[in-house]
Amino acid sequence: MVHFERHRGQLSILHVTCLSHSGNYIEGIVRGYRNALLTSQNYSYLTQCETIDDVKLQLGLAYGDYLASLPPNPSTSALANKTTEKLVSEFRYLQANATGSLAIFMEHLTYGYMINNVAVLITGTLHERDTRELLERCHPLDWFETMPVLCVATNIEELHQDLDELNIEIIRNTRYKNYLEDFYNWVNTTPEISGTPTAEVMSEVLEVEADRRSINITLNSFGTELSKADRKKLYPAFGRLQPEGTLMLSRADDVEAVRIAVESVADYKSFFDQTGMSQGGAEMEISRLAFTRQFTHAVVYAWVKLREPEIRNITWIAECIAQNQKERIGNYISVF
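The opening position of the sequence shown corresponds to residue 486 in this note's numbering, with each subsequent residue numbered one higher.
FYI, nobody ran anything at the bench for these hints, they're computed from the structure. Predicted model, so just to flag it, every value in this text is computed and none were measured. Treat the hints with caution; some may be incorrect.
With a cut-off of at most 25 Å between alpha-carbon atoms, the simulated BS3-like pairs for lysine-lysine come out as follows [stated by the list, open to error]:
1) K717 <-> K662
2) K662 <-> K718
3) K811 <-> K754
4) K754 <-> K713
5) K754 <-> K717
6) K754 <-> K662
Ranges of calculated distance between the beta carbons of each label pair, as one might list FRET restraints [what the hints assert, rightly or not]:
7) Q779 <-> E741: 40 to 48 Å
8) E770 <-> P676: 27 to 35 Å
9) E685 <-> T532: 32 to 40 Å
Every residue gets a Cβ at the ideal spot worked out from N, C-alpha and C, and that includes glycine.
Can you build the whole structure from these sequences, using the hints too?
Structure, rendered in structure tokens:
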């Protein structure tokens, strides 16, 4: 809405009031973040580096301010921490400016990290690992102030009595199943979101994630004490594999049976191998396509899911350089 004022016979613009909501402002910021993601050409330059300092130099345009404090030839873990720090800082900026349904949407994005962080802390405490080491392994996108207390306050004897690694995985996967189902329900029933591009894109994203988890839960259960009945309870109650595919998964005894179940969805064939359905392929493709849509919260999710493999790629390339394993340096998935 443009307001005008008559002054000496001339129209002068007093100010321009933006009609869009904070969501549209944030979407514009996120599209700028997306344009700063590394391209295949950037990766080509990175693979030609001889030292970690060369990597820092090549990343200067995208990560300069965050890498400036690193010492000469830093460790790959320090490099990974700084690249992750940029993601977290930018996400926190978006979150601080989000209102309404977008603020709730962004809260949903952090819940998965929280579930995994708590599982890491419980497992580490069970094995009496150092608290500092455990906290460093937690993802900072869902860091909460009482996390260190979980390590200190947990009764070790009770943990040894009541939990083992299988039970912890069951708890983690149960919580993640509930999280995905709640998120899926939210995007499809919230009046402001239902029927919009956000609901359309996020439904597809969450269906793929639900199927990926069902597939990987099945594969990881082979050779364990987890029964088929208990395994089935961990599958999210939605997804493209539902209901026939997940029924086949619940009955599977080997990798070949899982493959047959997965191939009931044609799009999944190229993303599946004997280790499971990778988090990269299908998710990255959907995330790329999300940026072709307009006026959708889904671009925030897509940006996070495209930045994460970028950080993994940088870390992988740096690790290959540090260990003088240049023959393996090309084993990354270019985002763009």
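Evaluation of the provided hints:
no., hint, result
1, K717 <-> K662, "11 Å, holds"
2, K662 <-> K718, "9 Å, holds"
3, K811 <-> K754, "30 Å, violated"
4, K754 <-> K713, "24 Å, holds"
5, K754 <-> K717, "22 Å, holds"
6, K754 <-> K662, "23 Å, holds"
7, Q779 <-> E741: 40 to 48 Å, "43 Å, holds"
8, E770 <-> P676: 27 to 35 Å, "30 Å, holds"
9, E685 <-> T532: 32 to 40 Å, "37 Å, holds"
Going through the hint list in order, the structure does not satisfy hint 3, though it satisfies all others.
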